[in-house]
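Next come the chains, spelled out residue by residue.
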Amino acid sequence: MIVDSAVYRDGSRVQVDCGGHDYAAMRKTAAAEGGFVWVGLHEPSHQELAGVARAFDLHRLAVEDAFNAHQRPKLEQYEDSIFLVLKTLWYVDEEDAVETGEIALFVGPDFVVTVRHGHGGRLHEARARLEHTAHVLDHGPSAVVYAVCDSVVDGYTEVVDSLQEDVDEVEASVFSPQRTNDSARIYTLKREISEVRRAVLPLREPMRRFAQGTVEAIDGDGAPFFRDVTDHLTQAAEIVETLDTLLSTAFEAYLAGISVQQNDDMRKISAGAAIVVVPTLIAGIYGMNFDRMPELAWRFGYGYALVLMATVSGLLWWFFKRSGWL
Amino acid sequence: MIVDSAVYRDGSRVQVDCGGHDYAAMRKTAAAEGGFVWVGLHEPSHQELAGVARAFDLHRLAVEDAFNAHQRPKLEQYEDSIFLVLKTLWYVDEEDAVETGEIALFVGPDFVVTVRHGHGGRLHEARARLEHTAHVLDHGPSAVVYAVCDSVVDGYTEVVDSLQEDVDEVEASVFSPQRTNDSARIYTLKREISEVRRAVLPLREPMRRFAQGTVEAIDGDGAPFFRDVTDHLTQAAEIVETLDTLLSTAFEAYLAGISVQQNDDMRKISAGAAIVVVPTLIAGIYGMNFDRMPELAWRFGYGYALVLMATVSGLLWWFFKRSGWL
Amino acid sequence: MIVDSAVYRDGSRVQVDCGGHDYAAMRKTAAAEGGFVWVGLHEPSHQELAGVARAFDLHRLAVEDAFNAHQRPKLEQYEDSIFLVLKTLWYVDEEDAVETGEIALFVGPDFVVTVRHGHGGRLHEARARLEHTAHVLDHGPSAVVYAVCDSVVDGYTEVVDSLQEDVDEVEASVFSPQRTNDSARIYTLKREISEVRRAVLPLREPMRRFAQGTVEAIDGDGAPFFRDVTDHLTQAAEIVETLDTLLSTAFEAYLAGISVQQNDDMRKISAGAAIVVVPTLIAGIYGMNFDRMPELAWRFGYGYALVLMATVSGLLWWFFKRSGWL
Amino acid sequence: MIVDSAVYRDGSRVQVDCGGHDYAAMRKTAAAEGGFVWVGLHEPSHQELAGVARAFDLHRLAVEDAFNAHQRPKLEQYEDSIFLVLKTLWYVDEEDAVETGEIALFVGPDFVVTVRHGHGGRLHEARARLEHTAHVLDHGPSAVVYAVCDSVVDGYTEVVDSLQEDVDEVEASVFSPQRTNDSARIYTLKREISEVRRAVLPLREPMRRFAQGTVEAIDGDGAPFFRDVTDHLTQAAEIVETLDTLLSTAFEAYLAGISVQQNDDMRKISAGAAIVVVPTLIAGIYGMNFDRMPELAWRFGYGYALVLMATVSGLLWWFFKRSGWL
Amino acid sequence: MIVDSAVYRDGSRVQVDCGGHDYAAMRKTAAAEGGFVWVGLHEPSHQELAGVARAFDLHRLAVEDAFNAHQRPKLEQYEDSIFLVLKTLWYVDEEDAVETGEIALFVGPDFVVTVRHGHGGRLHEARARLEHTAHVLDHGPSAVVYAVCDSVVDGYTEVVDSLQEDVDEVEASVFSPQRTNDSARIYTLKREISEVRRAVLPLREPMRRFAQGTVEAIDGDGAPFFRDVTDHLTQAAEIVETLDTLLSTAFEAYLAGISVQQNDDMRKISAGAAIVVVPTLIAGIYGMNFDRMPELAWRFGYGYALVLMATVSGLLWWFFKRSGWL
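Protein chains in written order, with this note's numbering: chain A, 1007 to 1332; chain B, 1007 to 1332; chain C, 1007 to 1332; chain D, 1007 to 1332; chain E, 1007 to 1332.
If you are wondering where the hints come from, they were derived from the structure by calculation, not from laboratory data. Some clues are possibly wrong.
Identical chains blur together in the list; that is why a pair holds if it fits in one copy or across any two.
[Stated by the list, open to error] Mimicking DMTMM-like on lysine to aspartate or glutamate, the simulated pairs with C-alpha atoms at most 20 Å apart in a straight line are: (1) Lys1327 to Asp1271; (2) Lys1327 to Asp1270; (3) Lys1034 to Asp1086; (4) Lys1034 to Asp1010; (5) Lys1034 to Asp1016; (6) Lys1034 to Asp1063.
Chain A extracted, bound-state conformation:
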């Protein structure tokens, strides 16, 4: 699906009279006036993508990658254009889950083609914000690359913040006095963290190269901005590592908690057993059939026996209570 395609010049969107799908004409218009075309595709069909590829002369392998998605983040440099793949992440509150999408960018001197798979918020937002900041958009395709990267990385930060909250919840649950079953929750979080890691870590290399200004297709003036993106990326990566480590420790604490719980239970059970077993012994004694057992003939012998049992049980109860077993 083609989502939006437009020509930009001097920092603002230009109304072009050719149909929205004649990319070659759009490109010619843009190039002639020193502007650029930005074509936005969403999970395009093979045909749609082929048309765009022809108009902008995109590399066969890159087009295939953009079509298939399921790439790892990467930067591919061709003669005068680049191919950049980013993973998008967003947090679905209802399911406490991290979902992933993908954005592929083809960037040349007079065009940007974005191919999106999955959730689209980030790209819309980036385009909208850009169209309102002419002095940024004026830097051409590089500005688009920056806007997209910045927006995607902001998304990482949001996801990482949500994960942080989840970890805080797990932590609270692990150390709560209630019996909780946290291992599935911890496992899921670890799985999501590994997904975040796979989106975040490989992106650092491309961002670093943009920040060093060594990628020809990217305007060197943008270096501080990409450095900023790199910083956010690194911070997200560091927090994610920290969360992973904390989860491991929380898991061990959870295991320790189970053991402590089991020990407490065992003590409680034993104490309870003792309270029943000792009177049973007493009952057994007065159930013996000796000819001469003076208590048996006592007037309140039975009462005495019951009181004895109750007393012993009470003493045991008190003893175990005091030693913390009950």
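Got chain A; can you put chains B, C, D and E on it based on the hints?
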């Protein structure tokens, strides 16, 4: 065994009149016409390999390695030829197991010799696909190297996907309420993952060198294609690492599950014991031999005692049920 | 809030007649006399910061970072100025907790702007100490950077020392014979250590660059001093790593302690049960209804039975005591 | 002890008329004829070694190292000679243990001195094989270095294979249904693996330098051969790492096995207890002394009670059997 | 405290007539005759150190470091002098503990100042040995640096050997059939190992630089000697890493041992309980009050019951013995 040997020129297979085993003649023909010979061997005898080695002037040590198999993936550069070893991986569904084979390639300006150990699907496929894409085959031996590497690495991706499914199954089993014995399964998966890792990781270096175009025997034009192979390789490696980590976490969750299970069992057992032991005490009491025990003379004393026992047991059952012990 | 702003020249504070908020004028005065301005802000409003940014021509992104805080430690180099972010750490005794703040420094040839978030002791101290050591202050803005870094890193050392004490306490608790619940404590310490790590580790790179004298805005003469700061930083980092490792080991020892405890309890419980159960068997035996049971008719049969029970229990008690079960 | 010393020229052993101990004379002979001397020592006395050191002008520190043994593998380069230390490994089947020895080589343009500590098979073999392959021996001292390294590294491969078998055995034992005590076995294997690692890993650096042909004393023509040795070394190192990881996983599986076993035992015990305790309750009931208990007067009351007990026990047995507790 | 100060020339100690505390004079004498001064201080007062610093023109920060101690090992290079900090380690047998001290060296072309904190054996030894080997001492201050480093690193080796013995003891204890409480011991050893690591690892960098001969103040001829020190350092580091890993494994084996022990105990306890509980059931049966229980009237009914109980108990005992539960 010699599987297939042919001369290729201008991107297509050439019918040569010399017998399929006169390599020197084939090579001469190929060289004269600007083509190349591709000899395919499968677990060759010492003699077969020696003949080929003589015809193409292969290095003694490399020939030995190709014969012995059990090499680690590597790239060996000689004056004007290279020796490349790849591990092939395939997943045997019936046994949920990963099996490994080996392909050794000798590549010179006018020849390719492939020596295969184990399963052959990948090589057949690569040759067949190449023979149908003249514009690729036209690049000579480099195209063969690319086709083989691409096909082998595609195999890794398939194996990794199967392992991912296995890990998903293990995960489901670990967190299922049933008692399952997952530790052997997890161990086996970890063992297979380490096998995959040993095939995948050492291959990255050769692929990177091909992708940088610094290996003389490999056509520089193929760089983006080898970069693509490298990407797939890296992705396979990353997923395998993630799976390994997840398995470790799943194992810990499995251990935690056993502990929780044991604790639950202990509570159930204790509750059950209490339900039997307390009536036993009551029976003991009415088995005492005191002269004066009024209940004994009651008309429905016996019934009363039985009802008392049942009531106490019932109360205990209800109590333990409510506190989650039963 | 503007905390303090002053002009310094030849190593001492200069009384300037323009109001404390006309930064442009202060800067002009300072520049004219070969001195520099030091403006100290504490959690400034957007407006306050914007005024300062205008006067000293600070980079937009850096100003944003200084305003938002929550940056990771970093060094950003612009044409003739630098932007440095440091994390401050301090230990709150009452809560046994590490708290973090942030100091951002903008440093140019004739100005230093410090923006502080959180606790301020370190900056006050640095300024006070500097104003008393003219020969240091004389080196201009570099001296301020050194003083701030040195003071902040001293703070790390203090925090690390406090953590070391906490770890010693945990260690004592884990190996004490009392039953203690150390897992929450260990978890909290690990969490704090990861916070310290995130403040300390990323600062090493900027300090190393100052120490190598490759940052233009920082006087090369200060290299040995920054090397000293780097040393303290590295030492803090090393100790923190050691503590982390020790905590992991202490945690495992804690787990082992629980197991040992459980085993001891189980033995104690079993021994106790045996002491009750064996007399119960004896009572049961003499409760049997056989016609001819000679002991039943003994004069002191009952007494004999009680003594028998007591003796058996005593023997069991002695036996279990001797084998260490009780 | 001097084991063997000989002069080699043009790839074969030369009969020299001076006594086997006049090294200076041997060296002169060898140098004059373009050959080299190979002196083989086994745990030499201080005096023996001093004599050799004088004749070949060996570096004091290297001689000390060769005498003391207990060095780590290393390569020391002097002006025109090198000093190489290798660890030898062999597997003692009777004890399932890895033993280590040491070979020190002094290599100059016209001599090789080998000092061996421990088991000697590898060196004998290397010399014997060399004396039968004139075209290799013809390359002078470099050939000796290659032959020794190759032989020693072959030994690593054998040891690693034996360890692999041991790990397979441990694995089988861990996952066998029998109760086995595998922890000591796993510990020993881990200890041996760490010994292998300490022999293998530090050797990679010297071998890599030989393979790059940057060590003057080693003939550059031998590079592919040393590359081959490096490959085997790397493969041994990789397998050893894999084994170490597998052992860790096997250990965890062993721990899990103990827990599962304990849980199974607990269930079995509880089921057994229930089968005894419930009939005891019944016996207790019919041991009560109520005046009116109709069953007591039944003709087959006793039989009925016994049958009741047996039935209840049987039902419990069947119930526990069905639920997998027995 | 000034321990010893002397002028050395041509490899031997020179008697100087100025008092032992006039360092400036000593330095002049030494410099004039091409010798050097070696001043040895032990935990000097501020004043003592200041005097020495003035005489030899030592850097302010380095002097502070030498005074405070608690530095990490490091090498600081100044114009024509260096500042080296070493940690000394020694093993206190009575306490099975590793203790640490510190030696700081200031080395210039005509002087060496050593500042020692803690145990002094190593420095005395180094000076004594040097004064007896004129050909070494003749190399001037570099010889002193070598002698001190060599001696300190020898100390590391000794400590590491003692730790190795401790680990062997722990290992024996863990795998002994006795119940032992090894976790505190293992923890302490791990703590000591981390102390050794912090002394050993940071020293490798300075030693490597000395060994490469790139430190101006250190005579390039000493390179092989410093290479030797580096080797010993690396070996100590490697052994310490191995010990750390082994201790971790030993700890896990200890945990496994506790679990196995607990399982064994549980089985023993259950078997014991069964031996008592089954006869109790029998006693209960013959305690029932049925009118017609033929055994009750038997002549040897009581004896028969006792024999029955004993037989059943005996059979149970034999059964549990055979199945390994007792």
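Cross-check of the supplied hints:
no.	hint	in the structure
1	Lys1327 to Asp1271	both (14 Å within a copy, 16 Å between copies)
2	Lys1327 to Asp1270	both (12 Å within a copy, 19 Å between copies)
3	Lys1034 to Asp1086	within (17 Å within a copy, 41 Å between copies)
4	Lys1034 to Asp1010	within (18 Å within a copy, 51 Å between copies)
5	Lys1034 to Asp1016	within (16 Å within a copy, 37 Å between copies)
6	Lys1034 to Asp1063	within (13 Å within a copy, 40 Å between copies)
Checked against the numbered hints above, the structure violates none of them.
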